[in-house]
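Chain by chain, the residues:
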Amino acid sequence: MKIAIASGKGGTGKTTISTTLAYYFAQQFPTALLDCDVEEPDANIFLNIPVSRTFDVDVLIPQVDMDLCTGCGRCEKMCQYNAIVLIKGKPLVLPELCHSCGGCYLVCPEKAIKEVKRSVGTVEVGVNGNLHYAGGILNIGEHMAIPLIDEVKKEHYNATFRIVDAPPGSSCPVVHSMQGNDLIIIVVEPTPFGFHDAVLAYDVAKTLNIPCAVVINNLVEEYKPLFSFLEKENIPVLAVIPHDVDVARSCAQGNCIEYMLTKYQDKFEAIMRYIKEKVQ
Amino acid sequence: MTNTIKQLAIVSGKGGTGKTSIAASFAKLAKQRIVVDCDVDASNMPLVLPHTIIEEIPFLGEKKAVISQDRCRGCGDCVIYCRFNAIKDFYVVEPVLCEGCAVCTMMCPYEAIDMVDNQSGTVVISQSDDQPFLFAKMGVGQGNSGKLVSELREKAKSIAEEDNYNLIIIDGPPGIGCPVISSITGVSHVLIVTEPTLSGMHDLERIIQLTKHFRINASVCINKSTISSDNIEKIKEICSKFDIAVIGTIPLDMDFVKAQIAGKTIVEYPNSVASQAIKSLWERISQLLNL
Chain D
30 MKIAIASGKG GTGKTTISTT LAYYFAQQFP TALLDCDVEE PDANIFLNIP
80 VSRTFDVDVL IPQVDMDLCT GCGRCEKMCQ YNAIVLIKGK PLVLPELCHS
130 CGGCYLVCPE KAIKEVKRSV GTVEVGVNGN LHYAGGILNI GEHMAIPLID
180 EVKKEHYNAT FRIVDAPPGS SCPVVHSMQG NDLIIIVVEP TPFGFHDAVL
230 AYDVAKTLNI PCAVVINNLV EEYKPLFSFL EKENIPVLAV IPHDVDVARS
280 CAQGNCIEYM LTKYQDKFEA IMRYIKEKVQ
Chain L
370 MTNTIKQLAI VSGKGGTGKT SIAASFAKLA KQRIVVDCDV DASNMPLVLP
420 HTIIEEIPFL GEKKAVISQD RCRGCGDCVI YCRFNAIKDF YVVEPVLCEG
470 CAVCTMMCPY EAIDMVDNQS GTVVISQSDD QPFLFAKMGV GQGNSGKLVS
520 ELREKAKSIA EEDNYNLIII DGPPGIGCPV ISSITGVSHV LIVTEPTLSG
570 MHDLERIIQL TKHFRINASV CINKSTISSD NIEKIKEICS KFDIAVIGTI
620 PLDMDFVKAQ IAGKTIVEYP NSVASQAIKS LWERISQLLN L
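Taken in order, these protein sequences are the chains called D and L.
Letter by letter, the first sequence follows residues 30 to 309 in this note's numbering.
Letter by letter, the second sequence follows residues 370 to 660 in this note's numbering.
Take the hints with a grain of salt, since some may be wrong.
[Claimed, not checked] Pairwise CB distance ranges, derived in the manner of DEER restraints:
(1) L:424 x D:77: 48 to 56 Å
(2) L:602 x D:257: 29 to 37 Å
(3) D:274 x L:640: 19 to 27 Å
(4) D:118 x L:423: 28 to 36 Å
(5) L:425 x D:157: 49 to 57 Å
(6) L:454 x D:124: 21 to 29 Å
The hints are simulated quantities; they were obtained by calculation from the structure and are not laboratory data.
Treat the numbers as computed from the prediction; the structure is a model and nothing was measured.
Just so it is clear, CB atoms sit at the ideal spot from N, CA and C, and this is done for glycine as well.
Assemble the whole structure, with the sequences as input and the hints as a guide.
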């Protein structure tokens, strides 16, 4: 069973919910937490799983052999991302714009282009008993999060439950984090910002044809538009967690998993029950 | 000679630290400004800045491959060459996975694949408090948000030049990747909003490193400061390690939620504690930017 935790809006509690859920599941089943928020990976700050293996994630970028290049410009024309520009008849590669599609390499009539590796980030992997962890760390200044996300998702394939901590937003990194999961749990804050962005995340899940459920977090007061939307779209609400300053305090101290499981164990029990029913 | 246009970007690394609430407050406090919501993935500023839409401009992102079922003979070359796994069985392109590289079009021996235009979003030019407010609506699951951010900033800059605005306030997205880089390149100053939680601090360090990487001036403000006084000290240590000033602290204030539900900014609640703090923060920034 593969579950992604998403939210659209940042800071609604994705990481708190996903790490607590993973920790809770791991008390019974081999469970993996996959941190796909590679721009700001925070899950292991709270899980504290010793990292036993790290590896670099590379993408392929073109390298032009100037002795073979005739300056025909087909590579420049082929590249849809303006990652190759011809300056005085010589191709110049702009690595940060390259999407590694291989087009320039395929189109070059002189076979002057070869593809070389460029590191975009690192994946960390670790295990603590039943709880498995993998997370990506994007290099500072790097644009492309997707190759890293795809690599994180390949880890711990045999865990009974795989929980993906997705990044905020609704664009390509979110699509790649959600893709291939059996269920998306959207953590939504019942506020105008939270609701607006949760709908965006829901739309991505719908496009990918993945069923959704919702956890309402940080409830201050009932926000009507959210509740009528959930009813209209028939999205199950698995748990409602109230606004609680002590959650923030526990996140400040780093013991929010313990705090959540002490104070809100029934909520996580309810989420687990729903997921188990889904499996059957 | 046109006067120099100052650009202030508000970012955070971690999401939900209060970027948008603070940026929208600055929009209210600044006398003369253009505001741009560059969080095109999840654009929230329009929810708290009442506005009238002036113009909507379609944004064409990368083209998408479409396979003509009449011309396709099912050789499967496209599947082999597509590095984004965007072509599924029976030779149909999955639009959300297609990155528009056109390799399939080039490699198809039957010329059965066309690249077609794809509107990936809309640039919206509006007026809020009789001054320009720009934001974008992005299509579901579209890529290229960095390019959309650049497009928004280009538009803002040309309006600033035409109508003599000397300040552009940019509300940035969370993270440190492509749309964040597009939001901060070339700005005069970056304000980083953090919070005293472990993840807030971890993400702060990464976003500071990003500003250092691109050699952009930055300062830090700590929101929800009353959550942990210990961590405030730690944040100050991180900042001094990177030689970055902490120019404001804003206490945790539930009026933020109240204001948001009312569709207002927190500075419209003059008695809230956060409102006072944001006003003095704005004064510091005005000094920093020489406004």
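Violated hints - listed by number, lowest first: 2 and 4
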